[in-house]
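Taking the hints into account, I'd like the entire structure generated from these sequences.
Number of protein chains: 2
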Amino acid sequence: MTVSKPAEKSAEKASEATKGRKEAPEGQSQGLAEALQLGELSEQLGYVLKRAQLKVFENFLRCMASLQLTPAQFSVLLLVEKNPGRNQTEIASTLGILRPNFVALLDNLESRDLCARIRSTNDRRSHILVLTDKGKAVLTRAKKLVATKHESRLNELLGQANREALLGMLSKIANEF
Amino acid sequence: MTVSKPAEKSAEKASEATKGRKEAPEGQSQGLAEALQLGELSEQLGYVLKRAQLKVFENFLRCMASLQLTPAQFSVLLLVEKNPGRNQTEIASTLGILRPNFVALLDNLESRDLCARIRSTNDRRSHILVLTDKGKAVLTRAKKLVATKHESRLNELLGQANREALLGMLSKIANEF
DNA sequence: CGATAATTGTTATGGATCATATCAAATATC
DNA sequence: GATATTTGATATGATCCATAACAATTATCG
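Going down the list, the protein sequences come from chains A and B. According to this note's numbering, the first sequence is numbered sequentially starting from 74. According to this note's numbering, the second sequence is numbered sequentially starting from 74.
What the hints contain is simulated information worked out from the structure, not anything from laboratory work. Watch out, some of these pointers could steer you wrong.
Which copy is meant is left open, so a pair is good if it fits within one copy or across any two.
Simulated crosslink set (BS3-like; lysine-lysine; CA at most 30 Å straight-line) [as the list claims (entries may be wrong)]:
(1) 207 <-> 245
(2) 217 <-> 245
(3) 222 <-> 128
(4) 222 <-> 207
(5) 128 <-> 155
Right under this line is the structure:
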């Protein structure tokens with residue numbers, strides 16, 4: 074059980090209700106729901122972090138809808154492009170994906186002709202990963218979508234300097250916590 | 074498939090290997106794996122955000138091991154404490170948890186006598202949620218653990234001012250993105 | 001060399017999380 | 001008072017994450 078997206082339905086009601094709000098006359102108030110107090114929750118880094126992460130992924134998926142790429146798939150394509158000739162174990166473990174779970178992910182990318190497994194001549198156990206031409210083309214388009222629709226919105230929201238500061242702090246947490 | 078924790082095994086090897094590294098004499102190099110280049114991945118906010126979130130949750134669970142509280146359970150206790158007398162729908166939706174999934178979570182907390190469902194007299198459909206005495210006591214201890222073991226480490230790592238700035242930016246993303 | 005150990009990709013499988021449809025009881029609406 | 005809505009709950013499926021085990025291949029070491 075983790076944190077998912079919050080509800081907005083009761084918020085609508087609340088906004089209706091809080092207008093003509095009486096000072097809680099006790100009793101059963103016929104009660105249109107009040108907005109709940111988050112209290113210390115809004116100070117919990119884990120809580121806010123998870124919420125933000127869900128929002129970012131959600132937006133990422135919307136931006137990538139035309140290419141049908143999930144964050145994980147995008148990260149694989151990026152990593153394979155940057156490190157061609159590596160095998161599944163290396164790519165997967167760098168991304169923190171367990172090898173068994175990486176198989177289906179790759180099956181998907183390969184079935185869409187974005188990525189290819191090539192038997193290594195050095196070590197015939199391993200599969201070298203490379204992007205296909207289509208894979209490179211799709212990745213190029215994906216990067217553009219991310220830059221123009223996704224990361225740009227973050228720059229609007231936070232400002233360039235803040236966005237970089239945020240990234241730095243998150244990296245620090247990811248690497249040194 | 075999302076981002077999980079990265080691997081360190083190949084990193085060990087790489088550190089061994091990169092010492093006496095030859096300038097890639099072509100061919101089959103007998104190859105001890107090199108550290109992979111993350112490239113643009115380390116600039117992707119979603120990627121770094123997810124990594125940081127996993128680390129924070131992981132640390133949270135370690136800090137709470139003695140109380141056996143997950144982040145989600147902790148958030149429920151916090152919210153019920155701050156908003157006593159609310160029903161399941163209100164608490165769940167505020168946390169972004171769907172009602173069906175909230176049932177088992179509550180069953181757990183109730184079976185451990187941390188939280189109680191009380192039939193509302195106003196609306197006999199709904200269950201009012203309250204913390205039990207044990208629930209209050211456990212929550213108090215949990216808060217202390219979080220403050221001393223969890224959030225304090227973040228202050229060490231980032232500094233007080235940065236930690237607050239981080240929280241502010243994440244809240245902004247969570248609410249306005 | 002040859003026996004044993006380790007690695008690679010894979011399958012099977014279970015757990016945890018998340019989402020939808022549906023239901024009975026209770027309440028609201030008209 | 002008939003109909004619609006809400007609440008908590010169950011059932012169920014999808015997705016993600018983790019472990020064990022296997023065949024093929026390679027590495028290790030006596």
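Verification of the supplied hints:
1. Taking CA atoms no more than 30 Å apart as the test, residue 207 paired with residue 245 passes in neither setting, with 35 Å inside one copy and 37 Å between copies.
2. In this assembly of identical chains, residue 217 and residue 245 lie within 30 Å of each other by CA distance both inside one copy and across copies; the values are 27 Å within and 24 Å between.
3. For a Cα distance limit of 30 Å, the shortest separation of residue 222 from residue 128 qualifies both inside one copy, at 14 Å, and across copies, at 28 Å.
4. With identical chains, the CA atoms of residue 222 and residue 207 are at most 30 Å apart within one copy only, with a shortest distance of 22 Å there and 49 Å across copies.
5. Proximity of residue 128 and residue 155 under a CA criterion of 30 Å is satisfied in both settings, with 27 Å inside one chain copy and 25 Å between copies.
Comparing the model with each numbered hint stated earlier shows that hint 1 is the single one that does not hold.
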